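Enquirer: For the protein sequence lines, the chains are A and B, in the order given.
Heads up: the first sequence at position 88 corresponds to 89 in this note's numbering, and the numbers run straight through without jumps.
Heads up: the second sequence at position 12 corresponds to 16 in this note's numbering, and the numbers run straight through without jumps.
Do not rely on the hints blindly, as some may be mistaken.
Said to hold, decoys possible - Quick look at which bits of chain A chain B covers, simulated, 3 or more residues with Cβ under 8 Å:
{"#": "1", "segment": "60-70"}
{"#": "2", "segment": "88-99"}
{"#": "3", "segment": "111-118"}
{"#": "4", "segment": "235-242"}
{"#": "5", "segment": "323-330"}
Unchecked claim - Simulated restraints on C-beta separations:
{"#": "6", "chain 1": "B", "residue 1": "Leu-199", "chain 2": "A", "residue 2": "Asp-31", "range": "32 to 38 Å"}
{"#": "7", "chain 1": "A", "residue 1": "Gly-304", "chain 2": "B", "residue 2": "Asp-232", "range": "26 to 32 Å"}
{"#": "8", "chain 1": "A", "residue 1": "Val-242", "chain 2": "B", "residue 2": "Glu-73", "range": "27 to 33 Å"}
{"#": "9", "chain 1": "B", "residue 1": "Thr-160", "chain 2": "A", "residue 2": "Glu-153", "range": "26 to 32 Å"}
{"#": "10", "chain 1": "A", "residue 1": "Glu-374", "chain 2": "B", "residue 2": "Arg-198", "range": "49 to 55 Å"}
{"#": "11", "chain 1": "B", "residue 1": "Glu-207", "chain 2": "A", "residue 2": "Thr-272", "range": "27 to 33 Å"}
{"#": "12", "chain 1": "B", "residue 1": "Gly-225", "chain 2": "A", "residue 2": "Thr-241", "range": "51 to 57 Å"}
Worth flagging that the hints you see were computed from the coordinates, not collected in a lab.
Source: prediction; values computed, not measured.
Even glycine gets a Cβ: it sits at the ideal position worked out from N, Cα and C.
These are the residues of each chain, in order.
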Amino acid sequence: MDYDVYEATQDASVGDMWVFCESRDGQLRDVSLEMLGKARRMMDDYNEEYDADENVVALVLGQDARGLAGECVQHGADVVYVAEDEQLVPFRLLPYTTVVANAALMRDEYKDYDKPRYFLFPATHNGRDLSATVAGKLDTGLASDCDDLYIEDAEIKHPFKTEGEETVFERTLHMVRPDFSGFEHSTILCLDNPHRDFHPQSASVIPGSFPVPEPDRDRLQEGRILQLPVKFREGDLDVTVTEREHLDDGVDLTDDERVVAVGRGIGEDPTEGLELGLELSDALGSGFGLSRGVITASYNVDGNVESYVAEERQIGETGQIVEPDVYIAAGISGAVQHKTGMDESEFICSINTDPEAPIKDFSNVYIHGDLFEVVPRLIDEIERIREGDE
Amino acid sequence: MDIAVLVKGVPDFSEGSVEFHEDNTLDRGSTETVLNPNDHFALECARELKVKHGATIHVVTMGPPNYKEVLHEAAEFAGDEFYLLSDGKFAGADTWATAHALHAGLNEIGDLDLVIAGFKTADGETGHTGPQTSLMLDWPIITHCVEVNVQPEAETIGARRQLYGEAEHCEGPLPCFIVMDPDYEPSFHTASQRLRLKDILAEQAEIVEAEDFGEHVHTWGLEDLPVDEHVVGLRGSPTIVSGVDPIPQPPAERDAEEFGTSEEELREVAKLLVEKGGL
Ligand SMILES: Cc1cc2nc3c(=O)[nH]c(=O)nc-3n(C[C@H](O)[C@H](O)[C@H](O)COP(=O)(O)OP(=O)(O)OC[C@H]3O[C@@H](n4cnc5c(N)ncnc54)[C@H](O)[C@@H]3O)c2cc1C
Ligand SMILES: Nc1ncnc2c1ncn2[C@@H]1O[C@H](COP(=O)(O)O)[C@@H](O)[C@H]1O
């Protein structure tokens, strides 16, 4: 098979679940271990269900890859492919794409099938890019940002994939991702067409979706570590990294004892909403955060508060995880991705016009009201109490 | 310089809730469509480069006929020529099938020096379409760009990327494919650049208001493009959405005490906040 063109394949033989284990500066990222643990559990079930003997295959590229292989085995891999090459440090998309796609298509002393059956990537900056290009190279499909995965037969009727007939696709990876509002989950499947195979069924996985498994030293005896061939295509190395610098960590809300956050409830007058949030945060001497809703809304806000609408203030699964003594959520509905970032707070106070808003279910105190009316009055009361104390 | 910008229409999430068809695909008909917010940055980057070096900007979208409105909205930011890739056979595409159609459209435009995509769409949220389109072009690619400089004569590009709390500076050749990070901001250093920007914005306003805006839009279907129907649309898509389910709300974790907005009630909450906050 020629990996150079993403040509349609038919009747390819497939096997195993592959996991791209991302490392940075010679350290595996937690999400890599989380994926290995999940892959282990899925393949154990798979082998039992389908009476099979397929493996979890980890890929580690770049700095000290060999040194990280044992950790992969202890966390669930049966086989670890490693590639160390100076061109693989730091991460660059095209060289990585070539090495990974090549690995997926090669045959060697271990690999006796055409393509992996499943492939997991981390939904991180680099992992997401790589998942897209590797799936493309292999002419297959993928789902991004999954927070659940399971393998099951799927009964499907589709105008092209099944030509309208009810058909069972065996051993299908069900890729579950939160969508749109955060209140819906979509399940994505990657299914063969009549004359076009779509394997590996691939997904990127949101960091933190699965627990890091306990390392198991006993696994080390069984694990196999294999070297990947490193070969690049013309043009792969054209983009060079000339400089890398650490940025200031920006806004850090994780150590704050109090956090005030506002959401799309400020929509009627975003500038005033932000100002009110900031004033409340002043009154309480707290950090100031946002729901993602505010960041994606593209509000036009006045210059004085413009700089506060920034990803560095986002709280939630894809932002900061905070656990202050007091968390105030004004005009935030409480989507699951937001909840993940704040529900360990000691005391949660929500302000919302909608008594059905999910946030109420994890608040200690819920104020049923319009934040534009409630927040200024709350500030007055807080100031009065605090002044009285002094 | 010839720059193509990939833009997409997305449901306007501020306009009520998003609707689904019975087969679980998005019902775009009943939700208003707007230009994907992340694509503003791609258009602004193209405009910045036009200010600094001069360029023809080609704005490309694949979607249903009403995406003409999306192109119109894009014209407020930038664009000299507009392309609507629209065909019943393109419909229902996942990112890989979308990339096939976009790639064909870009080839048909021809002779491009730079293609710019947004990071993610507000509805799909995959961030795959850019890298996959670039893969088909077989061009170098730089993602997560917050700053972009080109040297048209030397045919090189430099970009500052932002990821994992680090900044990275990259150099590469033209033609190149870049994906913008939402933290991108255009920068103009000289008075002449700012004047040039003003002129270009005035030109854009004219394009937007022109009665014949439609004449700036090239509409291409499957027949007009060098692409096979087996790789586009629903037919060409490896993935399907098999189900959309509400995320079950877990049982209440805390028994919220409910307050109204009377003075006494707010005072009580204020007391609790001060006390629990250790103030
Ligand atoms: C992959 C992925 C990752 C994500 N990561 C995150 C994340 O890390 N953090 C995050 O926050 N979100 C994240 N989201 C988005 C999340 O799903 C929600 O869309 C988002 O949290 C909603 O923000 P919101 O609560 O501000 O807006 P909405 O859901 O629109 O809620 C606004 C609330 O304000 C109330 N309201 C309206 N007017 C007023 C008023 N005047 N006074 C008081 N209340 C009012 C409404 O009743 C409503 O409850 C992610 C989504 C995806 C798909
Ligand atoms: N149908 C489309 N037409 C044109 N550009 C698109 C289309 N879909 C996605 N893109 C581009 O790809 C980027 C990422 O989209 P996505 O992969 O859907 O998150 C967008 O910001 C656009 O620049």
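Enquirer: If you look at each residue in the segment 323-330 of chain A, do at least three have a Cβ nearer than 8 Å to any Cβ of chain B?
Expert: holds (count 3)
Enquirer: Mind taking a look at whether chain B covers the segment 235-242 of chain A? Criterion is 3 or more residues with CB to CB distance under 8 Å.
Expert: holds (count 5)
Enquirer: Given as covered by chain B, does the segment 111-118 of chain A meet the bar of three residues or more with CB within less than 8 Å?
Expert: violated (count 0)
Enquirer: Check, residue by residue, whether the segment 88-99 of chain A contains three or more positions whose beta-carbon lies closer than 8 Å to a beta-carbon of chain B, and give the verdict.
Expert: holds (count 4)
Enquirer: Against the range 27 to 33 Å, how does the distance between the Cβ atoms of Glu-207 (chain B) and Thr-272 (chain A) compare: consistent or not?
Expert: holds, 30 Å
Enquirer: Could you tell me whether the CB distance from Gly-304 (chain A) to Asp-232 (chain B) stays inside 26 to 32 Å?
Expert: violated, 51 Å
Enquirer: Closer than 8 Å, Cβ to Cβ, for at least three residues: run that test on the segment 60-70 of chain A against chain B and report holds or violated.
Expert: As far as the segment 60-70 of chain A goes, the hint is violated, because 0 residues have Cβ atoms under 8 Å from chain B.
Enquirer: Given the hint of 26 to 32 Å, check if Thr-160 (chain B) and Glu-153 (chain A) actually sit that far apart at their C-beta atoms.
Expert: violated, 50 Å
Enquirer: At the C-beta level, are Val-242 (chain A) and Glu-73 (chain B) separated by a distance inside 27 to 33 Å?
Expert: Violated - the Cβ-Cβ distance for Val-242 (chain A) and Glu-73 (chain B), about 40 Å, lies outside 27 to 33 Å.
Enquirer: Between Glu-374 (chain A) and Arg-198 (chain B), is the Cβ distance one that fits in 49 to 55 Å?
Expert: violated, 42 Å
Enquirer: Taking the Cβ atom of Leu-199 (chain B) and the Cβ atom of Asp-31 (chain A), is their distance within the range 32 to 38 Å?
Expert: violated, 50 Å
Enquirer: Falls inside 51 to 57 Å, the C-beta gap from Gly-225 (chain B) to Thr-241 (chain A)?
Expert: Once the Cβ atoms are compared, 40 Å apart, the range 51 to 57 Å for Thr-241 (chain A) and Gly-225 (chain B) is violated.
Violation of the numbered hints given earlier is confined to hints 1, 3, 6, 7, 8, 9, 10, 12; the remaining hints are satisfied by the structure.
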